[in-house]
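On the provided structure of chain U, position chain H as indicated by the hints.
Number of protein chains: 2
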Amino acid sequence: MSKFLSKRLQNLEPYTPGEQPQDQQYIKLNTNENPYPPSPWAAEAINAAAVNQLRLYSDPTCEKLLQAIATRYELQPEQVMPGNGSDENLFFALRAFCDEDTPLAYADVTYGCYKVWAGLLHIPSHVIPLEKDFSLDPKKYYSLGGETIVIANPNAPTGMALPAAEIEKIVQANAGGVVIVDEAYVDFGGESCVPLIKKYPNLLVVQTFSKSRSLAGARLGFAMGSAELIADLNRVKFSLNPYNINRLTLLAGETAMRDEDYFRRTCGIVAATRETTAQELAKRGFAVLPSKANFVFARTDKMAGGALYAALKEKGILVRHFDAPRIADWLRISIGKPEDMHKLMEALDAILENASRANAAQPTD
Amino acid sequence: MSKFLSKRLQNLEPYTPGEQPQDQQYIKLNTNENPYPPSPWAAEAINAAAVNQLRLYSDPTCEKLLQAIATRYELQPEQVMPGNGSDENLFFALRAFCDEDTPLAYADVTYGCYKVWAGLLHIPSHVIPLEKDFSLDPKKYYSLGGETIVIANPNAPTGMALPAAEIEKIVQANAGGVVIVDEAYVDFGGESCVPLIKKYPNLLVVQTFSKSRSLAGARLGFAMGSAELIADLNRVKFSLNPYNINRLTLLAGETAMRDEDYFRRTCGIVAATRETTAQELAKRGFAVLPSKANFVFARTDKMAGGALYAALKEKGILVRHFDAPRIADWLRISIGKPEDMHKLMEALDAILENASRANAAQPTD
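Chains as they are written, first to last, in my numbering: chain U, 1 to 365; chain H, 1 to 365.
Just so you know, these hints were derived from the structure itself, not from any lab. Heads up, some of the hints might be wrong.
A pair holds if it fits inside one copy or across any two, identical chains being indistinguishable in the list.
As the list claims (entries may be wrong) - Straight-line distance between alpha carbons at most 30 Å, and here's what the computed DSSO-like set of lysine-lysine pairs gives:
# : residue 1 : residue 2
1 : Lys3      : Lys198
2 : Lys115    : Lys7
3 : Lys7      : Lys169
4 : Lys3      : Lys115
5 : Lys169    : Lys3
6 : Lys7      : Lys140
7 : Lys7      : Lys199
8 : Lys313    : Lys283
Chain U on its own, in the form it takes in the complex (with noise of 0.2 Å):
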């Protein structure tokens, strides 16, 4: 830290963000990245003549973009707004609708990046503890008195989604502030709640192209609501950065949106492989929650989290681990490949078997 860092940030925590050992080739479950590659047809539209255009600025309106979203949600261009990943979209919302007088609210767990945020932007955050099952009671959300909402939904690290109807009620009975729905995992099994925007002025949904698209390296998200709030949007990004997007980001997340076909199989076959993996979990004794996402999250009473997170590494296999208060003792754990999840359950029989001879050999006198 240097002595010019403004004092307001000098507590500030930052995000981690899950890790990225280049020490050797892990299978990949810890970051949520889908295991298919991205439509074949951003391939084809990234080629030779798009890079070489790339010495021009990319349409800081994303008109093209725009055009292919809204058609596939039904919306007008002027209800959607692109950014540098849904972390963007996200953090722009949050500068637009929040401020000293309005808080945050947001669940205990949720995804990090909320509370970071609210810290970067010096807005007072209103936590409210899920239950003790990681289930959101919708009730505890009916009177904020004009707070903005922030719901993750499915909610990570749980993968435990609400129904469309139940969110309704919660932005019905907030119509004097935004509800912000964070819909990063609804696309492999989630119900979005983008049908409800044209009945709803202070509803805000952000998804993103990084997991059903497969297009985390490509950083692109999107916001949905009403006109007025797409431009206190724009207003923001026009203020910060009116070039967010870069034009090979643009061509991706155009074709890809519009390739439906490749979008529904793919998105099909990590749900399918979510079930089986939960299943798997379940028949080795992990409780493991009900997960709409592409991860699960899970545990078992025969080893604590932080202990097979790091055995799993050993043999070459991320997963996640948050030391979190209530689920230092769960990993989450990213939808791959069906090969990669038998992988990751024989090393689970393995670590698992050898704990349990290791805790027999203990002396019990």
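Relative to chain U, chain H alone:
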């Protein structure tokens, strides 16, 4: 504007990017893009295999790119931080080094985003007017008492540059504050302050791949300074958008940075074309400021700036006109290929001849 927009943003005036009309093909001399494509190494690096890897998050530490930049500028990787365009680097720097108590000092005629960011971040602005001839008097920056200073060198839209020794005196005189030197245009003939970084812990130099490395559409900038200043910027980055740069841009940037020959060759051609352009404009009676950038700033007594801009657009040539105090009669003309500049001169000749004929035809009594 929605009723939900934070009161703090309601008077914010966003930046207006240069126009990108789609109605016809224009000769684009309005956004300071490079007329030559990026290094062919970039197109080679971005191939189908790279696109297929987009399913994976980009490296948040940007390690390989940092290594390439550090090697080129004789710095350590921890003295460099890449951004999603240098706009993002500058925004991070203002977030880190300014606040309600630490104003931002900058010239009245300079890059328009400084003022916009100060508005977005609620930072007081200390505007220091340029001299009558648009030169910057360094003495006016000698005792700013810990304010953060940003100087575009060469300046935009004037193109005028200070020698590094003059900037050094400002950095020395303001040891209690950070001095940011925005060197977006330095590679076309300016003198960089990068060699001063090892002497001054309060100096931050920001450059971009957009201009001299022909990658405006890839969105890539970088800040260079002491490891402490860079750590502060990373604290902001990891609190806002840890994956701020996408995989393909990382590849394009790394390869373009290593292709020194191509860089020198294209910068040399642009600088030579600038000199010819300035001479041709002077021949036609234009006042042309002495530019070290990839654009010239020029005016003529024969026609108002706005009218000349419109007449050129009618002829299919876009230049930039700022309807702002002190510079409303000037045009900023980006340097294109020699044939583009030739067409510009033909258009100017036709427009000015037409104008003087129309003037002559006015009844004089």
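Tested hints:
no., hint, result
1, Lys3 x Lys198, "between (49 Å within a copy, 17 Å between copies)"
2, Lys115 x Lys7, "both (18 Å within a copy, 22 Å between copies)"
3, Lys7 x Lys169, "between (40 Å within a copy, 27 Å between copies)"
4, Lys3 x Lys115, "both (25 Å within a copy, 24 Å between copies)"
5, Lys169 x Lys3, "between (48 Å within a copy, 21 Å between copies)"
6, Lys7 x Lys140, "between (35 Å within a copy, 27 Å between copies)"
7, Lys7 x Lys199, "between (43 Å within a copy, 25 Å between copies)"
8, Lys313 x Lys283, "within (22 Å within a copy, 71 Å between copies)"
Consistency with the previously given hints is maintained throughout, with no hint failing.
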